[in-house]
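Engineer: Here is what each chain is made of, one letter per residue.
There are 2 protein chains.
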Amino acid sequence: MRISFIGSGRVAHHFAKQLSKQHQIVQIYSRDLTHAQKLAEQCHAQAIQNYSQFDHNIDLLMIAISDQAIAEVIVNMGRYFENVLIVHTSGSTHLNVLSQQHARSGVFYPLQTFSLERDIDWSNTPLFVEATQVDDLQILVALANSLSNRVYTYDSAQRLSLHLAAVFACNFSNYCYDMAKQVVDAEQVDFSLLYPLILETANKATLNNPKTMQTGPAMRGDQNILNMHMKMLAEAGRGDLKQVYEILSQGIQTRQSSQ
Amino acid sequence: MRISFIGSGRVAHHFAKQLSKQHQIVQIYSRDLTHAQKLAEQCHAQAIQNYSQFDHNIDLLMIAISDQAIAEVIVNMGRYFENVLIVHTSGSTHLNVLSQQHARSGVFYPLQTFSLERDIDWSNTPLFVEATQVDDLQILVALANSLSNRVYTYDSAQRLSLHLAAVFACNFSNYCYDMAKQVVDAEQVDFSLLYPLILETANKATLNNPKTMQTGPAMRGDQNILNMHMKMLAEAGRGDLKQVYEILSQGIQTRQSSQ
Numbered sequence: 007m008r009i010s011f012i013g014s015g016r017v018a019h020h021f022a023k024q025l026s027k028q029h030q031i032v033q034i035y036s037r038d039l040t041h042a043q044k045l046a047e048q049c050h051a052q053a054i055q056n057y058s059q060f061d062h063n064i065d066l067l068m069i070a071i072s073d074q075a076i077a078e079v080i081v082n083m084g085r086y087f088e089n090v091l092i093v094h095t096s097g098s099t100h101l102n103v104l105s106q107q108h109a110r111s112g113v114f115y116p117l118q119t120f121s122l123e124r125d126i127d128w129s130n131t132p133l134f135v136e137a138t139q140v141d142d143l144q145i146l147v148a149l150a151n152s153l154s155n156r157v158y159t160y161d162s163a164q165r166l167s168l169h170l171a172a173v174f175a176c177n178f179s180n181y182c183y184d185m186a187k188q189v190v191d192a193e194q195v196d197f198s199l200l201y202p203l204i205l206e207t208a209n210k211a212t213l214n215n216p217k218t219m220q221t222g223p224a225m226r227g228d229q230n231i232l233n234m235h236m237k238m239l240a241e242a243g244r245g246d247l248k249q250v251y252e253i254l255s256q257g258i259q260t261r262q263s264s265q
Numbered sequence: 007m008r009i010s011f012i013g014s015g016r017v018a019h020h021f022a023k024q025l026s027k028q029h030q031i032v033q034i035y036s037r038d039l040t041h042a043q044k045l046a047e048q049c050h051a052q053a054i055q056n057y058s059q060f061d062h063n064i065d066l067l068m069i070a071i072s073d074q075a076i077a078e079v080i081v082n083m084g085r086y087f088e089n090v091l092i093v094h095t096s097g098s099t100h101l102n103v104l105s106q107q108h109a110r111s112g113v114f115y116p117l118q119t120f121s122l123e124r125d126i127d128w129s130n131t132p133l134f135v136e137a138t139q140v141d142d143l144q145i146l147v148a149l150a151n152s153l154s155n156r157v158y159t160y161d162s163a164q165r166l167s168l169h170l171a172a173v174f175a176c177n178f179s180n181y182c183y184d185m186a187k188q189v190v191d192a193e194q195v196d197f198s199l200l201y202p203l204i205l206e207t208a209n210k211a212t213l214n215n216p217k218t219m220q221t222g223p224a225m226r227g228d229q230n231i232l233n234m235h236m237k238m239l240a241e242a243g244r245g246d247l248k249q250v251y252e253i254l255s256q257g258i259q260t261r262q263s264s265q
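Same order as they appear, the protein sequences are chains A and B. The C-terminal position of the first sequence is numbered 265 in the working numbering, with every residue numbered one higher than the one before it. The C-terminal position of the second sequence is numbered 265 in the working numbering, with every residue numbered one higher than the one before it.
One chain only, chain A, in its complex shape (with noise of 0.2 Å):
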């Protein structure tokens, strides 16, 4: 296949590096040309920094760029790839905010954290992928699964739930091991004395329905226990996780009076 990207960042670095294994890499357009001939120079391409440039004789166009800029991109830049499919790479926004401007449109998103210093383990990332074409798609699956043994159809309400799940599982359990050291620092107490406890946690979810294993005070209703919690962090001065103390012990007992 014949490949071009629209950005220069670490998405479409690592995408770009792979797939000139065995594909084409044709063109890397970025508003700041140097960051693109860097990565043009890796992978034989040409960088461009205007649309006059563009060469529309290709098979897919990949647009990695930050969420809020898709949009904008898709209204000026996709007249001039009109029969050419185009995907973005993002996980939490909708298929149609490309096919609403363009009949080719797809998705085409690794659930994978990129740095440009660490090598992807391709092969174990989930690639998801979609399009508004069942041609499209066929073409999508055949790419993904040339990179990775994980391949995933999803439409967008699925994608844009794991996204939202992600928040849940990691940026809000990160929140929850800061606001423990912000409580154990307060007393001078070593936070690595709680570092068992947290890999066990994390590691029982993946064995577990974490419903089923869901521990501590407001699980058993010990409201003793509840009452001195919410004093102490009152007392402390940290109304703050007071209020996230109350919400999440809330949130615990109703689940699991639940079936």
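Any given hint might turn out to be false.
Unchecked claim - Simulated crosslink set (DSBU-like; lysine-lysine; CA at most 30 Å straight-line): (1) B/K44 <-> A/K237; (2) B/K210 <-> A/K217; (3) B/K217 <-> A/K210; (4) B/K217 <-> A/K237; (5) B/K237 <-> A/K217; (6) A/K210 <-> B/K210; (7) A/K210 <-> B/K248; (8) A/K23 <-> B/K23; (9) A/K217 <-> B/K217; (10) B/K23 <-> A/K210; (11) A/K248 <-> B/K237; (12) A/K248 <-> A/K217; (13) B/K210 <-> A/K248; (14) B/K248 <-> A/K217; (15) B/K248 <-> A/K248; (16) A/K27 <-> A/K44; (17) B/K217 <-> A/K248.
What the hints assert, rightly or not - Far from chain B, by Cβ distances over 12 Å, these chain A residues were calculated: (18) M7; (19) Q48; (20) Q59; (21) N63; (22) V81; (23) Y86; (24) N89; (25) L101; (26) Q107; (27) A109; (28) V147.
What the hints assert, rightly or not - Okay, the calculated bits of chain A under chain B, using three or more residues with CB under 8 Å as the criterion: (29) 138 to 144; (30) 181 to 195; (31) 201 to 212; (32) 241 to 254.
Quick caveat, the hints were computed from the structure, so don't treat them as lab data. The beta-carbon is built from N, C-alpha and C at its ideal position, and this holds for glycine as well.
Starting from the known structure of chain A, fit chain B onto it as the hints suggest.
Structural biologist: Below, chain B alone, put in the same frame as chain A:
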């Protein structure tokens, strides 16, 4: 040392069995005599059910019962052991629950999950000791050192803060996993896709300060994504999860803008 126990549950069970290797376990008291007998047999002790049978000729009395019952037990039984060092084994009960009633009081708390089926790795189990009298603290430190390489003399405020922090770091992070699973389950998306992110997040929190490891839309201040997520939760009829999302996102943003 001559040691007796009030209680014959999981904590008493593991302590009595381990201590019996180096010390004499004298009596096991339980309201349920059969239960006391089961443990007493394993550590060559006498099982009792009546206060009149108490043998006062001991060096240490360990109260290993539920948190709520400790206050009542020390009022009713403490006078039978007037000159004896009495400790409780609770992470969430202040020393003064004992010391208000009894002169020689202490705490001997293991930070560990106990189940009857599994053996405890005592040498790596953090033990927290505390006592009202300096001589008694030395006795408890020596006893703790004979069990574990990780002995801490923390006061009650410190011990209680550790317990409160564990609620945030473990109980609440597990509830975050549970909420994540509810989000993906509603869209027939495989929760196991999140396992690598869950494990990586927990692992990173043991290597770096969780505050600096924070990621996600709240951390980035990406209001478009925050709004989209809250709209998704509202439209799915999950006002409860929306409330959690909003409060934790606000918490992350406030935290990141602090020093």
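Engineer: If a hint holds in the structure, say so; if it doesn't, say that too.
Structural biologist: Outcome of the hint check:
1. At most 30 Å may separate the alpha-carbon atoms for a hinted pair to count; B/K44 and A/K237 exceed this at roughly 40 Å.
2. Annotation: proposed proximity of B/K210 to A/K217 holds, straight-line Cα distance about 24 Å (limit 30 Å).
3. For the suggested pair B/K217 and A/K210, the alpha carbons sit about 24 Å apart, so the restraint of at most 30 Å is met.
4. Restraint check for B/K217 and A/K237: the C-alpha separation of about 25 Å stays at or below 30 Å, so the hint holds.
5. Only pairs whose Cα atoms come within 30 Å are accepted, and B/K237 paired with A/K217 is accepted, the gap being roughly 25 Å.
6. For the hint linking A/K210 to B/K210, the alpha-carbon distance of about 17 Å falls within 30 Å, and the restraint holds.
7. Annotation: proposed proximity of A/K210 to B/K248 holds, straight-line Cα distance about 26 Å (limit 30 Å).
8. Distance check on the hinted pair: A/K23 and B/K23 sit about 60 Å apart at the alpha-carbon level, beyond 30 Å; violated.
9. Distance hint between A/K217 and B/K217 is fulfilled; the C-alpha atoms sit about 26 Å from each other, no more than 30 Å.
10. Pair hint B/K23 plus A/K210 holds up; C-alpha atoms about 27 Å apart against a cutoff of 30 Å.
11. A C-alpha spacing of about 26 Å is found between A/K248 and B/K237, which places the hinted pair at or below 30 Å, so the restraint holds.
12. Only pairs whose Cα atoms come within 30 Å are accepted, and A/K248 paired with A/K217 is accepted, the gap being roughly 23 Å.
13. Annotation: proposed proximity of B/K210 to A/K248 holds, straight-line Cα distance about 26 Å (limit 30 Å).
14. With a CA separation close to 19 Å, the supplied pair B/K248 and A/K217 stays within the 30 Å bound.
15. With a C-alpha separation of about 18 Å, the suggested pair B/K248 and A/K248 falls inside the 30 Å cut-off, and the hint holds.
16. Pair hint A/K27 plus A/K44 holds up; C-alpha atoms about 17 Å apart against a cutoff of 30 Å.
17. Restraint check for B/K217 and A/K248: the C-alpha separation of about 19 Å stays at or below 30 Å, so the hint holds.
18. For A/M7, the non-interface assignment is confirmed: its Cβ lies about 27 Å from the closest Cβ of chain B, beyond the 12 Å cut-off.
19. No Cβ of chain B approaches the Cβ of A/Q48 within 12 Å, the least distance being about 27 Å, so the stated non-interface status holds.
20. The claim that A/Q59 lies off the interface holds: its Cβ sits roughly 31 Å from the closest Cβ of chain B, which is beyond the 12 Å cut-off.
21. Here A/N63 stays apart from chain B, with its beta-carbon at least about 35 Å from theirs, past the 12 Å limit.
22. The Cβ of A/V81 sits about 17 Å from the closest Cβ of chain B, beyond the 12 Å cut-off, so the non-interface label holds.
23. Once the 12 Å rule is applied to beta carbons, A/Y86 is consistent with being away from chain B; the minimum gap is 26 Å.
24. Residue-level check passed: A/N89 sits 31 Å from the nearest beta carbon of chain B, beyond 12 Å.
25. For A/L101, the shortest C-beta to C-beta distance to chain B comes to about 14 Å, beyond the 12 Å cut-off, and the non-interface label holds.
26. No Cβ of chain B approaches the Cβ of A/Q107 within 12 Å, the least distance being about 18 Å, so the stated non-interface status holds.
27. With a cut of 12 Å on Cβ distances, A/A109 stays outside the contact zone with chain B, its closest approach being about 25 Å.
28. The Cβ of A/V147 lies farther than 12 Å from every Cβ of chain B, with a closest approach of about 17 Å, so its non-interface assignment holds.
29. Residues of the region 138 to 144 of chain A with a Cβ under 8 Å from some Cβ of chain B number 0, which does not satisfy the need for three, so the listed coverage is violated.
30. Note: the region 181 to 195 of chain A has 13 residues with beta-carbon separation from chain B under 8 Å; the three-residue rule is met and the coverage holds.
31. Coverage of the region 201 to 212 of chain A by chain B holds [criterion: at least 3 residues with CB-CB distance below 8 Å; count 11].
32. With 7 residues having a Cβ less than 8 Å from any Cβ of chain B, the region 241 to 254 of chain A passes the three-residue criterion, so the hint holds.
Checked against the numbered hints above, the structure violates hints 1, 8, 29; every other hint is satisfied.
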